[in-house]
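Use the sequences and the hints to build the structure in full.
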Amino acid sequence: MPTNISLTWIDYSILFLYCLFVIGIGFALKRYMKTSADFFMSGRSIPAWVTGLAFLSANLGALELVGMAASGAKYGIMTCHFYWVGAIPAMVFLGIFMMPFYYGSKARSVPEYLKLRFDERIRCFNSLSFAFMTVFASGISMNALAKLLHQLLGWNYDVSLWICSAVVLVYVLKGGLTSAIYTEVLQFFMIVLGFAPVVYLSLKDVGGWGNLKHTLAKVAVDPATLDLSTKTFAPDAWTSAWKPLLGGPGANPMGIDLFAMVFGLGFVLSFGYWCTNFLVVQRAMAARNMGSARRTPLIAAVPKMLFPVLVILPGMIAVGLAYTNKDGYHLPPRAVSSSAYAKAVPLVQEAATSKLAPAAATKAISEAVGIKLSEPKIAALLKDNATNPLSEKAIKSAIQGAVIENDYDGIILSLVQKYCPPGLLGLALTALLASFMSGMAGNVTAFNTVWTYDLYQAYIAPNKTDAHYMAMGRIITVVGILLSIACAYVASNYNNAMDIIQLVFGFVNAPLFATFVLGMFWARTTAHGAFFGLLAGTGASALFHATTITAGNVPGIKGGYLAVVQTFPSEMAQNFWLATFAFTVCFVLTLTLSLATKRTKTDEELKGLVYSLTPKLVDEEKSWFLRPAFLGCVLLAVCVVMNFLFW
Amino acid sequence: MGLDIRLPIGMMFTLIGALLAGSGFLTRGDDAMYHRSLDININLWWGIVLLAFGLLMLIPALLKQKN
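Protein sequence lines, in the order shown, are assigned to chains A and B.
Mapping of the first sequence onto the numbering used here: position 273 corresponds to residue 273, and the numbering continues sequentially without gaps.
Mapping of the second sequence onto the numbering used here: position 9 corresponds to residue 656, and the numbering continues sequentially without gaps.
Keep in mind that the hints are not guaranteed to be accurate.
What the hints assert, rightly or not - Listed next, the in silico DSS-like pairs over lysine-lysine satisfying Cα-Cα at most 27 Å (straight line):
| no. | chain 1 | residue 1 | chain 2 | residue 2 |
| --- | --- | --- | --- | --- |
| 1 | A | Lys383 | A | Lys363 |
| 2 | A | Lys396 | A | Lys213 |
| 3 | A | Lys218 | A | Lys418 |
| 4 | A | Lys74 | A | Lys558 |
| 5 | A | Lys326 | A | Lys343 |
| 6 | A | Lys204 | B | Lys713 |
| 7 | A | Lys147 | A | Lys383 |
| 8 | A | Lys34 | B | Lys711 |
| 9 | A | Lys74 | B | Lys711 |
| 10 | B | Lys711 | A | Lys30 |
| 11 | A | Lys174 | A | Lys34 |
| 12 | A | Lys231 | A | Lys363 |
What the hints contain is simulated information worked out from the structure, not anything from laboratory work.
Spelled out as structure tokens, the structure:
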């Protein structure tokens with residue numbers, strides 16, 4: 001077990017102040033929640049800078065913060081493609097081209113836009129899959145956080161889970177979407193200001209960017225020392241974004257090719273996520289006018305572009321620190337669970353009598369705990385135990401000490417632990433909790449809106465009073481949070497179940513952008529085409545997964561259970577190609593079926609929903625520099641410069 | 648909607664900044680405590696940054712409310 005950090009009164013005071021203010025915001029907004037439109041859509045009254053920061057923050061769950069640092073360590077600066085190739089162009093596209101239809105159509109949610117554009121079937125499909133996904137996504141993220149807090153701070157899993165959820169519940173219940181958006185802005189500043197000093201201190205300690213690059217060049221030639229990879233790479237593999245990619249899948253730690261990166265991630269997955277996910281689009285739809293709604297993703301893109309410094313750089317720094325073994329720093333090892341100990345400890349005790357060779361014993365114990373262990377260390381443990389039987393506690397700690405697999409998700413907290421004195425420690429932990437709460441509130445508010453408007457009002461109880469839907473919204477908020485907690489427990493007990501669910505997310509998300517882009521920009525797209533195209537696209541991704549596999553995996557949950565037609569160098573490559581395949585199937589099929597079937601909606605009905613049938617938008621902003629098209633061009637130009645800087 | 652968001656953000660960071668800077672000031676001779684932050688009294692300095700940010704949010708919001 002890594003040493004637990006103990007918190008002092010000042011750390012608790014900061015945490016307490018933060019909780020007080022987010023709950024306070026909920027109570028302050030309570031008196032403005034008069035109609036269901038206030039509760040679910042903030043009455044469309046929020047300024048663009050607020051919705052912009054909330055747009056970013058809602059997506060910045062704990063998983064993103066923890067996961068991006070993990071990827072930064074595993075893959076280096078190539079991880080930035082999730083931002084500079086993926087998110088930024090997609091956000092610009094959403095702001096300039098898609099927001100006019102989402103906002104202008106007066107749809108209250110993304111599934112409702114689908115209903116207005118096509119018909120009920122596709123709305124039902126989309127809202128059901130979205131409702132499931134948000135609940136599970138929030139549960140997975142909650143489990144990850146509670147586990148992390150337990151491992152590193154020794155906090156009780158149940159207590160952190162329930163208390164964090166209770167805080168979110170109170171402010172969402174009181175102030176609805178508005179309070180989620182407002183607290184997301186506060187959380188945004190908390191996350192940035194809480195992690196910035198940690199990044200500054202660790203970068204200073206590793207000797208600045210120049211020295212870090214130098215160290216990472218040595219790591220790239222010999223990544224096996226840190227158990228990062230079994231292959232070797234060119235010295236710039238961790239520090240250039242494009243050069244390793246041009247060398248093909250074998251030349252970069254992600255194991256990915258250029259096409260999958262640019263088309264699969266950059267186009268299909270990123271546009272699919274940022275342009276169609278109601279979780280983020282909801283923030284933009286709450287803006288006070290069309291101009292603000294369109295500027296929302298564009299404003300969010302500015303900090304998003306700089307975020308790699310905050311979330312990816314720490315992972316790279318940790319690798320640099322671990323390689324030079326600075327002050328004894330090493331990447332956090334994976335924690336051995338108590339159920340694994342129960343199997344492993346008897347093996348150690350038996351080894352004393354069975355006189356098993358160290359290599360065979362290490363193999364057996366490794367298999368029992370499910371983690372790679374160091375053979376010399378296990379051999380030493382067996383020797384010690386044979387001469388003088390050790391206590392169970394001593395054996396456990398020796399097994400944990402022999403772990404050589406890295407727990408990449410623990411990197412952020414390991415840096416916090418290394419550099420933060422009491423005081424700053426409280427601030428950094430509050431920032432981590434803030435990221436978690438913002439993600440959860442984002443999921444909960446999107447879930448309650450889709451449930452109430454797109455499922456409850458549409459299919460279960462239409463034509464009720466507004467007060468009825470508002471009450472429903474409050475009830476479903478409680479239910480949503482309870483369901484997320486239940487999912488967190490499922491995630492903590494059945495790792496496999498969660499892998500399957502994340503897989504299903506992938507299947508559902510991959511083809512979605514094809515439906516939207518055809519629906520919005522081609523008036524000829526019919527409801528039959530869209531529905532069956534999307535269904536086939538989702539099926540195609542499942543089929544793709546069933547027939548492909550990643551090198552080194554056995555057929556099963558990781559794919560290839562029907563047949564193995566294609567083997568990919570890495571899971572990420574498999575993922576990106578799956579998305580590309582599903583998108584193409586959905587696109588081609590929607591197109592063909594649309595041409596073969598009759599349109600059910602007239603041009604007049606599609607006004608405001610389709611590009612060619614909507615009168616051209618006149619920019620209401622007086623100053624040219626506030627116009628979305630101009631802002632978008634500037635953002636893309638800066639983004640290109642960033643890519644060249646880290647070429 | 649009703650509430651000016653700069654108000655709670657400003658208040659919270661002013662309070663947290665003052666708390667952090669204050670504790671940094673009181674512990675300024677404690678070399679053992681600040682060894683981990685590379686011998687920088689990070690609580691004092693970062694507390695001042697947070698305080699400044701808090702006031703920057705708070706003051707315009709208060710002025711606007713007065714008018």
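Okay, the hints, checked on the actual structure:
1. A/Lys383 - A/Lys363: holds, 16 Å
2. A/Lys396 - A/Lys213: Violated - the C-alpha atoms of A/Lys213 and A/Lys396 are around 37 Å apart, more than 27 Å.
3. A/Lys218 - A/Lys418: Measuring from Cα to Cα gives roughly 23 Å; hence the hint holds.
4. A/Lys74 - A/Lys558: Holds, at roughly 20 Å.
5. A/Lys326 - A/Lys343: Judged against 27 Å, a Cα distance of about 35 Å means the pair is violated.
6. A/Lys204 - B/Lys713: Answer violated: A/Lys204 to B/Lys713 is near 44 Å, above 27 Å.
7. A/Lys147 - A/Lys383: violated, 33 Å
8. A/Lys34 - B/Lys711: holds, 26 Å
9. A/Lys74 - B/Lys711: violated, 48 Å
10. B/Lys711 - A/Lys30: Satisfied, since the Cα-Cα distance of roughly 22 Å is no more than 27 Å.
11. A/Lys174 - A/Lys34: holds, 11 Å
12. A/Lys231 - A/Lys363: holds, 22 Å
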